[in-house]
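Residue numbers (numbering that gives the first Met the number 0), protein chains in the order written: chain Y, 0 to 674; chain V, 0 to 380.
Derived by calculation from the structure, the hints in this document are not laboratory data.
Ideal Cβ placement from N, Cα and C applies to all residues, glycine included.
Please note: incorrect hints may appear among the correct ones.
What the hints assert, rightly or not - Once the Cα atoms are required to be at most 25 Å apart in a straight line, the calculated DMTMM-like pairs of lysine to aspartate or glutamate come out as:
1. Y/LYS401 x Y/GLU329
2. Y/LYS267 x V/GLU310
3. Y/LYS604 x V/GLU46
4. V/LYS321 x Y/GLU58
5. V/LYS241 x Y/GLU295
6. Y/LYS314 x Y/GLU295
7. V/LYS47 x Y/ASP289
Stated by the list, open to error - Stretch by stretch, here's where chain V covers chain Y in the computed footprint (C-beta under 8 Å, at least three residues):
8. 182–189
9. 257–263
10. 375–381
11. 446–457
12. 592–604
13. 609–621
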Amino acid sequence: MKKTSNARALYELFSSMRFAISLLTILAIASVIGTVVKQNEPYNAYLNQFGPFWFPIFEKLGLYAVYNAGWFLAILCFLVLSTSACILRQSKPMLREMRAFKEHAREASLRLFKLHAEASANHAPTRAAAEAYLARNGFRARTLERDDGVLIAAKRGSWSRIGYFFAHGGLVVICAGGLLDGNLPLRMQMWLGGKQATQADQLIADIPAQSRLAEDNWSFRGNIFIPEGKSSGVAVLREGDGVLLQELPFDVSLQKFHIEHYETGQPKRFASDIIVTDKRSGKSEVRTIDVNKPFETHGITLYQASFDDGGSRLKLRVRNLATGGDAPSEITGIVGERGDLKGPGYAYSVEFTGFRAINVETIGDAPAARGGLAGLQDRLGSGARDPAHKTQRNIGPSFTYKLRDSAGQAVEFMNYMLPVEQDGRWFLLAGMREDAAEGFRYLRIPLDEDGRVDTWYAVRQRLLDKTTQATLAKRFAKRASGGAENATLRLEETSLRTLQLFSDKGFESLGAFIDKTIPKAEQERAAGIFLQVLEGIVWEAVLMAREDAGQPTLEISPSRAQYARDVLKAVGDAFHYNAPLILQLDSYEQVQATVLQATRSPGKKWVFLGSLLLTLGVFAMLYVRERRLFLLLRRDGSALLAMSANRVSLDVEQEFLRHRDALLGSKPAAGDLAS
Amino acid sequence: MTDLAHSVPPQPSFRRITPGDWLAALALALGAAFALRQYGSYMDVYEKAILLLAVPTFAVLGWHWHGLRNLLAATACAALLGIELYQHDLARAEQVFWLKYFFSSQTAIAWMSALVFFSTGAFWLGLLARAPFAERVGTALSWVAAGAGLTGLMVRWYESYLIGADVGHIPVSNLYEVFVLFIILTTLLYLYYARHYATNKLGAFVMPVVAAAVGFLLWYSFSRDAHEIQPLIPALQSYWMKIHVPANFVGYGAFALASMVGVAYLCASRGLLASRLPSVAVLDDLMYRAIGIGFAFFTVATILGALWAAEAWGTYWQWDPKETWALIVWLNYAAWLHMRLTKGLRGAVLAWWAIIGLLVTSFAFLGVNMFLSGLHSYGSL
Ligand code: HEM
Numbered sequence: 000m001k002k003t004s005n006a007r008a009l010y011e012l013f014s015s016m017r018f019a020i021s022l023l024t025i026l027a028i029a030s031v032i033g034t035v036v037k038q039n040e041p042y043n044a045y046l047n048q049f050g051p052f053w054f055p056i057f058e059k060l061g062l063y064a065v066y067n068a069g070w071f072l073a074i075l076c077f078l079v080l081s082t083s084a085c086i087l088r089q090s091k092p093m094l095r096e097m098r099a100f101k102e103h104a105r106e107a108s109l110r111l112f113k114l115h116a117e118a119s120a121n122h123a124p125t126r127a128a129a130e131a132y133l134a135r136n137g138f139r140a141r142t143l144e145r146d147d148g149v150l151i152a153a154k155r156g157s158w159s160r161i162g163y164f165f166a167h168g169g170l171v172v173i174c175a176g177g178l179l180d181g182n183l184p185l186r187m188q189m190w191l192g193g194k195q196a197t198q199a200d201q202l203i204a205d206i207p208a209q210s211r212l213a214e215d216n217w218s219f220r221g222n223i224f225i226p227e228g229k230s231s232g233v234a235v236l237r238e239g240d241g242v243l244l245q246e247l248p249f250d251v252s253l254q255k256f257h258i259e260h261y262e263t264g265q266p267k268r269f270a271s272d273i274i275v276t277d278k279r280s281g282k283s284e285v286r287t288i289d290v291n292k293p294f295e296t297h298g299i300t301l302y303q304a305s306f307d308d309g310g311s312r313l314k315l316r317v318r319n320l321a322t323g324g325d326a327p328s329e330i331t332g333i334v335g336e337r338g339d340l341k342g343p344g345y346a347y348s349v350e351f352t353g354f355r356a357i358n359v360e361t362i363g364d365a366p367a368a369r370g371g372l373a374g375l376q377d378r379l380g381s382g383a384r385d386p387a388h389k390t391q392r393n394i395g396p397s398f399t400y401k402l403r404d405s406a407g408q409a410v411e412f413m414n415y416m417l418p419v420e421q422d423g424r425w426f427l428l429a430g431m432r433e434d435a436a437e438g439f440r441y442l443r444i445p446l447d448e449d450g451r452v453d454t455w456y457a458v459r460q461r462l463l464d465k466t467t468q469a470t471l472a473k474r475f476a477k478r479a480s481g482g483a484e485n486a487t488l489r490l491e492e493t494s495l496r497t498l499q500l501f502s503d504k505g506f507e508s509l510g511a512f513i514d515k516t517i518p519k520a521e522q523e524r525a526a527g528i529f530l531q532v533l534e535g536i537v538w539e540a541v542l543m544a545r546e547d548a549g550q551p552t553l554e555i556s557p558s559r560a561q562y563a564r565d566v567l568k569a570v571g572d573a574f575h576y577n578a579p580l581i582l583q584l585d586s587y588e589q590v591q592a593t594v595l596q597a598t599r600s601p602g603k604k605w606v607f608l609g610s611l612l613l614t615l616g617v618f619a620m621l622y623v624r625e626r627r628l629f630l631l632l633r634r635d636g637s638a639l640l641a642m643s644a645n646r647v648s649l650d651v652e653q654e655f656l657r658h659r660d661a662l663l664g665s666k667p668a669a670g671d672l673a674s
Numbered sequence: 000m001t002d003l004a005h006s007v008p009p010q011p012s013f014r015r016i017t018p019g020d021w022l023a024a025l026a027l028a029l030g031a032a033f034a035l036r037q038y039g040s041y042m043d044v045y046e047k048a049i050l051l052l053a054v055p056t057f058a059v060l061g062w063h064w065h066g067l068r069n070l071l072a073a074t075a076c077a078a079l080l081g082i083e084l085y086q087h088d089l090a091r092a093e094q095v096f097w098l099k100y101f102f103s104s105q106t107a108i109a110w111m112s113a114l115v116f117f118s119t120g121a122f123w124l125g126l127l128a129r130a131p132f133a134e135r136v137g138t139a140l141s142w143v144a145a146g147a148g149l150t151g152l153m154v155r156w157y158e159s160y161l162i163g164a165d166v167g168h169i170p171v172s173n174l175y176e177v178f179v180l181f182i183i184l185t186t187l188l189y190l191y192y193a194r195h196y197a198t199n200k201l202g203a204f205v206m207p208v209v210a211a212a213v214g215f216l217l218w219y220s221f222s223r224d225a226h227e228i229q230p231l232i233p234a235l236q237s238y239w240m241k242i243h244v245p246a247n248f249v250g251y252g253a254f255a256l257a258s259m260v261g262v263a264y265l266c267a268s269r270g271l272l273a274s275r276l277p278s279v280a281v282l283d284d285l286m287y288r289a290i291g292i293g294f295a296f297f298t299v300a301t302i303l304g305a306l307w308a309a310e311a312w313g314t315y316w317q318w319d320p321k322e323t324w325a326l327i328v329w330l331n332y333a334a335w336l337h338m339r340l341t342k343g344l345r346g347a348v349l350a351w352w353a354i355i356g357l358l359v360t361s362f363a364f365l366g367v368n369m370f371l372s373g374l375h376s377y378g379s380l
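Produce the entire structure from the sequences given, and follow the hints as far as they go.
Printed below as a string of structure tokens:
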């Protein structure tokens, strides 16, 4: 006896609104956490973000994948159970309520209705007229002859109650479908089937059997990576910080990957031309998958998820900064592969990590937005982009690589193939960073007036080379002092010192020297002089490099002086360039790869069915109004009209007034009823 | 006799179909036929279906609500006039007087913005000075504002095709455009309920939210040039988007309306302005209806979003921040409805709850774009 009442109490708690609302609240709060902590990031990122103390605690709580955490799924399960229990508990009374006409309602209780009205004998309708009126207005009625008279019990809108079942049943169906598609099935396989995630960073062929899921796995979501001209028969599933491999019943090969852009540079289309070949029958199908146009085969849906480089071949020129970049050597790199890079003064392992054929950048700034009336004026007219505003431009291919020294230290580089124009001057950009979390810092190598970068390497070498420094100082002093012997000698000495200082650690050593030896008040002026001297020397080095290359000499001009300044700046920056070599892209053969997402989601149709039920149910509950009208025609000819509704709202009262006027009223209603 | 003291006067019967209604339905059908003939080649099968379904939908809406019918007729004329003035040449927006100062999309939206402010002012004047005339002016101005905004969106739609056939799309694809939509829909919802409850007083409460949205719109345009028409990135090239977004904004608009009615409720129930506002019973009823319609549309919108996600991203639900917050908003109003309908809760608590609901909704609508990152790529701030 005790036991059953306990179970009963549990069931009551379970099916109570209070319990459901509490669960919903917890669910909402948990969901908020999931939007604040970025989900499914690499674990390293979390370690950095939260530190070594919190990282494992949060991991245990499952905060890095809240929506797959055991406790979250458990709440969801409870909600399904609780809502089901609620439906069960409500079903009997609700169905009874739906079917009943309540034709036995007592007069006393009808009088207690908030909405009721009386009519004397000469205003009361006849039974037939009342029944006809009710039928015309969409009521179903049941009439009972009783001791106190005739009661017509009518009702309309019982669908409102069905709405309750639809909406809440729909919710249960949606949640159940969602659970099917969630990673619960995968969890089961990992617990029961001994499956295990493995580290992401390895070749597909090396992935062990316990990290491979069989073709018949009934629910999964993973990515297929396919380079152009290649094929793949597996999808990679992320699980925690590792991966699992999903075998597919077909191979997908990529013929071509398409990227199209609008004139403005924004992406317009990503699409893959693929061939799907059944692994057993060998039958194949040719398809194109676009974003928003997936393709379903073998119960698996393939979507255009993303794209990548599929192993482009890069023809590269190795510029040795130490030897001045003369006699560059040539190598070929394949994106995604590694190799060794050895030369005079360096030995690295190199890893080509990426290539992009198109880089769309925003060029120039919007003109300062005008405020007030002028700004308004600018904003009238069509919504088309103002041509004076920033434009997007393709600045050509770029590629990234990593150099790892013998100690295992890696530095990442990003170089552009083509020079870029900045303020009317052209530069080749060579980017570098030590930490993946930082942006690239760029060395901007200026192009000379013939559009070559070689001059910069040659000039740089001459500036840093001990044997040419003296010559440069001498040539500069001679030109700058205009012949006076004494002054020339002094200038030569100063400029040599300056150059030597600069060639030690660039502007840094120069700055340190100024700080140490020159009084504060003089420092700025002195720095200016040093800079002038250096620029002069750079110009001499430019001329010298030209002579050595057998090119005619040049007269200085403002634009050439600017070039010298740019050269100097880049030489100074190059002291911070953390590698003795720069790879320059000469030509490439692009190979793209597509990333398709493959999903098998058996719960999807249930979720959509549930959604349909939910929608119908919500509209039925909110907009189908249940009304009950009771008309008691007393034996003495007088009448009592009462109305109830399952929702209290103002228009119920209006409706009652309409019915009252029609049924009991004397004026138009009488004629209405007679008809 | 029962106490019916606070009931509103009986309304005229809208269900009688007048010749004007038939005419309007005919015009809608002809318009759709014309659009199919003229632009059918730009539409896919779903767009054609949407167009065809729009005819009965708006015909019925128009029967029930003549104001809307007239608004649609007026904006259709204004938009067609704007399109005619363009003569397939975008540059004419700067050259033709009527385009430059009235019918080009940005100008029409600027008119909408100004009129929303004027209408807010008129409503407040009416409320404080007890001047029914000012309130009628406010109502008229908000009708014209909604019409100007709607015209702006229509013309913007056309302009997008003038930029390039591949750029053209319905203007519901970025935060700027949906804000215009929000302004129009909230205003229309207000006008609908104002007529339904035969009161002009609530404009003073509802229009300020609309004005705030206009303020945001202006800031967004002036500081980010957000008004410039952008082509659709691949993920947004979906017909689901075209119904998902408007459905969402009926929801947001209704929730905003409900919260402002909540404010009015709190004022009235504390005796503040009570003599100038509708009775608390009317306010309570209106709040419930607004949340009801908001909830229904938000349900549909969320489901449509799931359908779209299933197609674009391969999963109907992946706990992306925007989705998650939509769920939170939805759960919040579900709880509100439960408390009212099953627990019989009424009064100040629900009013406060509706106001807080708007904060939650605004976060889902704007905050997520500002503070959280996710897949919903449109409209980052
Ligand atoms: C995510 C969960 C839920 C949602 C979104 C939801 C939604 C709704 C909606 C929209 C209504 C209709 C309100 C109206 O008619 O205006 C409603 C009514 C109702 N709900 Fe829920 N509900 C949920 C869970 C539950 C649970 C767990 C229970 C039971 C404990 C429950 C019990 C009820 C009841 C009894 C009604 C009133 C039905 C009527 O009087 O017609 N709901 N619900």
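Outcome of the hint check:
no., hint, verdict
1, Y/LYS401 x Y/GLU329, "17 Å, holds"
2, Y/LYS267 x V/GLU310, "17 Å, holds"
3, Y/LYS604 x V/GLU46, "24 Å, holds"
4, V/LYS321 x Y/GLU58, "24 Å, holds"
5, V/LYS241 x Y/GLU295, "24 Å, holds"
6, Y/LYS314 x Y/GLU295, "40 Å, violated"
7, V/LYS47 x Y/ASP289, "21 Å, holds"
8, 182–189, "violated (count 0)"
9, 257–263, "holds (count 3)"
10, 375–381, "holds (count 5)"
11, 446–457, "violated (count 0)"
12, 592–604, "holds (count 4)"
13, 609–621, "holds (count 6)"
The structure fails to meet hints 6, 8, 11 from the earlier list, while all remaining hints are met.
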